[in-house]
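Q: Chain residues, written in single-letter form:
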Amino acid sequence: MIKDKLMTIKDDSSFVGKTFGVIRKLGSLLGLIGLCAVLTFSSEYFLTLDNIMNIARQSSINCLVALGMLLTILTAGIDLSVGSILALSIVTMGVVVVQLGLSPVVGILICLGVGALFGLINGLLLTKLSLPHPFISTMGTMSIARGLALLVTAALPISNFPPVIRFWGESFIGPIPFSFILVLGVYVLFHIILNYTPMGRHIYAVGGNPEAARLSGINIQNVLLFVYTVSGFMAGLAGLLLVGRVNAAYPLAGLDYSSDAIAAVIIGGASFMGGEGTVWGTLIGAMIMAVLRNGLNILSVSAEMQTVAIGVVIILAVYVDVLRHKAAKKA
Amino acid sequence: MIIIKGSVIVNEYFLSLKGICKSFPGVKALDHMDLDIKPGETHALVGENGAGKSTLIKILTGVYQYDEGEMYCQGEKVRFEKPKDAYVLGIACIYQELSLASNMTVTENIFLGRELRRSNGLLDYPKMNKIAQQVIDDLGIEVNVKDLVQAYSMGYRQMIEIARALVADAKLIIMDEPTSSLSEKEVTCLLGKIHKLKEKGIAVVYISHHLEEVMEIADRITVLRDGCKIRDMDKKDTNQDDMIQLMVGREIGEKFPKTPAPLGNVVLRVEGINREGVLDNISFELRSGEVLGFSGLVGAGRTELARAIFGADKIDSGKIFINEKEVKIDSPQDAIEHGIAFLTEDRKGQGLVLMHNIRFNASLSALSRFCKIGVINTKEMCCEVDGLIEQLQLRPGNPLMTTRLLSGGNQQKVVIAKWLCSQSKIFIFDEPTRGIDVGAKVEVYKLINHLAATGVAVIVISSELPEVMGISDRILVMYEGRITAEFNHSEVTPTQIMKAATGGYEQ
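Going line by line, the protein sequences match chains A and B.
Each residue of the first sequence is one higher than the one before, counting from 6 in this note's numbering.
Each residue of the second sequence is one higher than the one before, counting from 396 in this note's numbering.
Keep in mind that the hints were calculated from the coordinates and are not lab data.
Check each hint, because a few of them may be wrong.
[What the hints assert, rightly or not] The calculated lysine-lysine pairs, modelled on DSS-like cross-linking and capped at a C-alpha distance of 27 Å, are:
no., chain 1, residue 1, chain 2, residue 2
1, B, Lys630, B, Lys593
2, B, Lys743, A, Lys331
3, B, Lys477, A, Lys331
4, B, Lys453, B, Lys588
5, B, Lys709, A, Lys133
6, B, Lys723, A, Lys133
7, B, Lys588, B, Lys630
8, B, Lys593, B, Lys413
9, B, Lys525, B, Lys541
10, B, Lys479, B, Lys423
11, B, Lys631, B, Lys566
12, B, Lys595, B, Lys522
Computed from a predicted model, the values in this text were never measured in an experiment.
Looking at chain A on its own, in the form it has when it is part of the complex (with noise of 0.2 Å):
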């Protein structure tokens, strides 16, 4: 309360202001370039038009994921179930097209619409049976989604789509990935919706300061039904690329994909306090986790030094967090 006091008028536009405005902002960024950099120096391969292409098809999943993750944290929530209902939107996709014989396009729509429906379930578990957190009512349907898309394909992968559906994960665009085109197609609308709408605003508002956001006429259920509902789609929307790039939908898909999103949310400079975040921020995130993968992949790094790696690098992105928060505080 003193040191509120005390801390009266202090101008963002100092010199010192601006710096750390300007680290604050490219903070991810700079890390991004120095990784790229090292990786370059270390192998002649990584910086070819191939492996480029090639990171930006293997980051294109974890973007979209990562998107609707960021919706959630910055509500000062959590998804933990988008793998799972990524699993499930697929196979159910397979079953109604592969088994059931349906047209490509309805299973599309499936796959979108199962995903975004258990979105909506996790939002509807949080604001009308008013769980406590997000992170034990999507825990639970991370459990319910995994279980159905086991019992749905009977454990087993299905696969031989058609071409309309791998078109999404497989098909380039000149030597550009058109995954990746529809990243940033996403990132771009979501850049639009978080900052030019009053849903956008809302959402960081409810993240920032909930009882403010209430008493400033928010309907804070309808911001939370929202958010969650559009994890649920990303999710579904990033299960179509996976599905295009293996040509096989199987239950056991995206084990790891809540972590992978929250990782490059929080690398991205995203509090997991609510309220602060970007979706560039988010797609750098994302970008670095990628990086890392192929870097350490073409530098013949086993998979299980590869796993402690980013386990590092998480630690070591939130804590350089930590010491600009400090010094911002100082300065």
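Here the structure of chain A is known, so what remains is to put chain B in place on it, guided by the hints.
A: Quick look at chain B alone, frame taken from chain A:
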């Protein structure tokens, strides 16, 4: 803790404060405050909200450190660096919000932080239970020390707090508004226990708004105003009216530039609002251009009334009319649609999203107004918000400034901008100048005048008597959830308001 050797004074007091000063940025909370407490006496502190009582308690208990002055405990000069220092010298405090862990037993609470151990290092429950039960029985209350605290009502919990202080061998127990959440029966019981403490030679510092309690229990009374000691006196030399006079006795100067606006139609009418245990049959009218003050003590139900009108809390019964048309307000959204704005007392906690900038906060309630096919017209929005920043003379006027870094007065202006932006017609201010520097207060008053002049209807809830008298056209006084008096701006004295606010006369 520092006990300053060699500077011993011999007197009869357990605790003695001489010339204590304490400042916060923009506010001198205590100004050369003196206080003497004899062993075993019950010493009441009375004063308006903001007179410095809370600061004084926090200094006595080592929560705050004083800037100037001297403090003596049993004749030795002392300086508390942390709350434990006060505790060690036998000064215990029972705060308004009780600090018991309700999921633990009475014994565990009583010995919290000072648990008794056996020689093997494990807790000695039988011994602790025995001592705790002894102290409880000694106080004459029916509590089983092995029960969980949550099984007992607020009144009992207060007693448990007292027991805890006794086990800690307290020589002085400070009670801050101890009766604010007690039933009448519990109050009587508590006052009885204080007599018991007196017999044991334990001093009590008793802070209360309820002057009749003070008259019943206190030996000595110290009146505070504006951080100064106004007078200390024996109970037998004073009465309630004298105390009120001393508490409020100040001139209402030109701090309040009141410019009455022409009154228009009734824009808000409230009929018989009830909320169990909080609001009791509240009815009033508000005209456009009018500034209606709500006076009363903390806990009289004024904030609760505002929240009820704003749809933030549910009500049991009652009607609200806007422009003479009955409306249903179930949520803040409904209220905002009907042009009601609520400026909360806790701006940081409930008014602003502190991590975001001025523009974000100022536009938050009005975003849909600036939308074209679902997308915000940023240019139009920024133009309007920046115009408001200019008009309200927000400093610094950079619309991208994070609101966390603004001073209290400027934060209040951001909240005002928010509601101007959503074109509200009825403004409800809850403690509009709480935590705002003296200079900036006048600016807020001018803004309130300006709002009224533009035909806005204004409700001001304020615990500062001069403020509510200085800026209101009309004043309603609340006491225990009821409106107990209505006064006109021109024909009221502080004493009358204080009397109504302490339940002095019920109409």
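Q: Now tell me, hint by hint, if it's right for this structure.
A: Going through the hints against the structure:
{"no.": "1", "hint": "Lys630/B with Lys593/B", "result": "holds (16 Å)"}
{"no.": "2", "hint": "Lys743/B with Lys331/A", "result": "holds (20 Å)"}
{"no.": "3", "hint": "Lys477/B with Lys331/A", "result": "holds (25 Å)"}
{"no.": "4", "hint": "Lys453/B with Lys588/B", "result": "holds (24 Å)"}
{"no.": "5", "hint": "Lys709/B with Lys133/A", "result": "holds (18 Å)"}
{"no.": "6", "hint": "Lys723/B with Lys133/A", "result": "holds (23 Å)"}
{"no.": "7", "hint": "Lys588/B with Lys630/B", "result": "holds (19 Å)"}
{"no.": "8", "hint": "Lys593/B with Lys413/B", "result": "holds (25 Å)"}
{"no.": "9", "hint": "Lys525/B with Lys541/B", "result": "holds (10 Å)"}
{"no.": "10", "hint": "Lys479/B with Lys423/B", "result": "holds (26 Å)"}
{"no.": "11", "hint": "Lys631/B with Lys566/B", "result": "holds (25 Å)"}
{"no.": "12", "hint": "Lys595/B with Lys522/B", "result": "holds (23 Å)"}
When held up to the earlier numbered hints, the structure conflicts with none and fits them all.
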